[in-house]
Amino acid sequence: MSRPLYRLAYLFAEGVRAVRTHLALAVMTGLTIAVTLLLLGLFGAVYHDLAGVAERIHDELGMVVFLTDDCAPAQRAALTAWLHHRPEVARMEETSKEEAAAAFASRHPESAQLLALLEENPLPASLEIHLDPAVTASAMTALVHEVEGFAGVDSVRYGKQWLATLLSLTRWLRGAGAAVGALLAVAALFIVSNQVAMSIYARREEIDIMRLIGATNRFIRAPFYLEGAITGLFGGVVAALLLSAAHALIGPLLAAGGGGLLVGSLDLISWRAGQVAVFAGAGALLGMVGCWASLGRFLKG
Amino acid sequence: MIRFDHVTKDFGHGEPVLRDLSFHIEPGELSFLIGRSGAGKTTLLRLIYGAERPDSGTIRVAGRDVSRLRKGSVPYLRRNIGIIFQDSKLLESRTVEGNILFALQVAGIGGRIARRRVGELLERVGMAGREESWPAELSGGEQQRVAIARALANEPALILADEATGNLDPDVSEEILNLFDAINQAGTTILFATHDMDVVREMRKRVLTLVAGEVVSDRPPELEAAYG
Ligand SMILES: Nc1ncnc2c1ncn2[C@@H]1O[C@H](COP(=O)(O)OP(=O)(O)O)[C@@H](O)[C@H]1O
Ligand SMILES: [Mg+2]
Chain U
1 MSRPLYRLAY
11 LFAEGVRAVR
21 THLALAVMTG
31 LTIAVTLLLL
41 GLFGAVYHDL
51 AGVAERIHDE
61 LGMVVFLTDD
71 CAPAQRAALT
81 AWLHHRPEVA
91 RMEETSKEEA
101 AAAFASRHPE
111 SAQLLALLEE
121 NPLPASLEIH
131 LDPAVTASAM
141 TALVHEVEGF
151 AGVDSVRYGK
161 QWLATLLSLT
171 RWLRGAGAAV
181 GALLAVAALF
191 IVSNQVAMSI
201 YARREEIDIM
211 RLIGATNRFI
221 RAPFYLEGAI
231 TGLFGGVVAA
241 LLLSAAHALI
251 GPLLAAGGGG
261 LLVGSLDLIS
271 WRAGQVAVFA
281 GAGALLGMVG
291 CWASLGRFLK
301 G
Chain Z
1 MIRFDHVTKD
11 FGHGEPVLRD
21 LSFHIEPGEL
31 SFLIGRSGAG
41 KTTLLRLIYG
51 AERPDSGTIR
61 VAGRDVSRLR
71 KGSVPYLRRN
81 IGIIFQDSKL
91 LESRTVEGNI
101 LFALQVAGIG
111 GRIARRRVGE
121 LLERVGMAGR
131 EESWPAELSG
141 GEQQRVAIAR
151 ALANEPALIL
161 ADEATGNLDP
171 DVSEEILNLF
181 DAINQAGTTI
191 LFATHDMDVV
201 REMRKRVLTL
211 VAGEVVSDRP
221 PELEAAYG
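Protein sequences, first through last, are from chains U and Z. Residues in the first sequence are numbered consecutively from 1, following this note's numbering. Residues in the second sequence are numbered consecutively from 1, following this note's numbering.
Honestly, the hints are just simulated from the structure, not real lab data. Misleading hints may appear alongside valid ones.
Unchecked claim - Per label pair, the in silico range of CB-to-CB distance:
#1 Z:Arg70 - U:Phe12: 24 to 34 Å
#2 U:Gly181 - Z:Gly140: 54 to 64 Å
#3 Z:Gly140 - U:Thr21: 19 to 29 Å
#4 Z:Asp55 - U:Gly274: 52 to 62 Å
As the list claims (entries may be wrong) - Facing chain Z, according to a computed beta carbon distance under 7 Å, are these residues of chain U, among others:
#5 Tyr10
#6 His84
#7 Glu206
#8 Ile207
#9 Leu212
#10 Ile213
#11 Gly214
#12 Ala215
Built from N, CA and C at the ideal position, the CB exists for glycine as well.
Extracted from the complex, chain U is given alone in its bound form (with noise of 0.2 Å):
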């Protein structure tokens, strides 16, 4: 074997050999590194999803403003002139009562005779009105207030309330799956530095001959590194499974129960190479940084 190879083969048996001594605490540390990724990628998923649904809403942004019918031409007038120089309202559509009339008998032609019926017509003129979709929920909200001010106006119907809510909901989600996952985060590492001290702990001897015998930093500390990454990987795997798991169980269930939210969610997390892929990285990664954590305090140079 040429050296490069057979540095290679060695740092690998190292590796592995320093997972088997202590399988049930590499289990363990791979584990919760997979029960963080699951967190996170569930938070991730459920974020991103509830995000898009306010996006999507986002650009249907609207309002519908009646009018009253004794509403004068010039306090219309004043009105849709005030609408128009307002930077949020990207455009208008006016319609008048014979116009609500005239929609309505074609949207319910079986009703139409039943508004014939009536002497007077009682639906009310209206200024429907589509926003900017940079517009954010309580710029909306001021505006409703301001025109709801004015002579001629009898209600404004914004059916997005709940938007405002849902905005603040993936707001406060994002805030809360980054504390979230920060802290896991944390506790994942502690817990793989915890493993990598204890592996440094229990092959000091080896480490202070290592040493004697000029073995450089580099390879003293690679198999170490290994380690971490193998268990991290492990986690990250075991992540992924579960993941496409729970998509395969819950998803139809979710489906047949109109949980439309959920199974975008899950879908977002099913079973994709790419996914395991970022998911066993991400495993790697982690464990290797706390690796570093715990080689930094234990095996100083």
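Got chain U sorted already, so can you dock chain Z with the ligands onto it with the hints?
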């Protein structure tokens, strides 16, 4: 091979352990460093292999200034120095072969070449065919032989022994000393630190005596023979 020039080492409590120490050892010499327990023998050896740094003075090993060696260069210095201690420091979890292979691995030697080398080394220390034995199955003298084989693995120019016969019965101790002598005859420079005067008397070699951090006497082999 080894040159100390005005070397002082002070750990900071009380007197310095080594004080303005100067001596030198020629390539191919077998010398003894004697002194009571606490005289500074181990510290002196540690300075040579870069485990400690002097507070002042310079130390040269094979022409290289090791007193100002970068940390990253210490491993390469050590590959040229074999070190043997009172306890053999063999890994209990590896066979005799595994222990010696371990030293070869560090230098990047593996595979069949390394296995053959282990066989040669074991033969050289009188342990031929003992590859598969475990350290726990060996006597103290045999363990020390394996430790010597491991120290020789990378063909160092210099061997440092720190009380290498300290745990052995006198007759076994003599065998080990003869082994050191044979290794020296083959060209390796050896510095052997001990507090045991009996060891020194038998060998009739150069003796450096360390008292309170200073070399108080440096007797050449001829004189030592006369004392015999
Ligand atoms: N790392 C250290 N820190 C502080 N004191 C030390 C250290 N190493 C050795 N000493 C002190 O230096 C003196 C010489 O020790 P040592 O070199 O081990 O002597 P010897 O090997 O001759 O018995 C002792 O008093 C010991 O306590
Ligand atoms: Mg000593």
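Now for the hints, and whether the structure bears them out:
| no. | hint | result |
| --- | --- | --- |
| 1 | Z:Arg70 - U:Phe12: 24 to 34 Å | holds (30 Å) |
| 2 | U:Gly181 - Z:Gly140: 54 to 64 Å | holds (57 Å) |
| 3 | Z:Gly140 - U:Thr21: 19 to 29 Å | holds (27 Å) |
| 4 | Z:Asp55 - U:Gly274: 52 to 62 Å | holds (59 Å) |
| 5 | Tyr10 | holds (5 Å) |
| 6 | His84 | violated (73 Å) |
| 7 | Glu206 | holds (6 Å) |
| 8 | Ile207 | violated (11 Å) |
| 9 | Leu212 | holds (5 Å) |
| 10 | Ile213 | holds (5 Å) |
| 11 | Gly214 | holds (3 Å) |
| 12 | Ala215 | holds (4 Å) |
Of the hints listed earlier, those the structure fails to meet are numbers 6, 8, in rising order.
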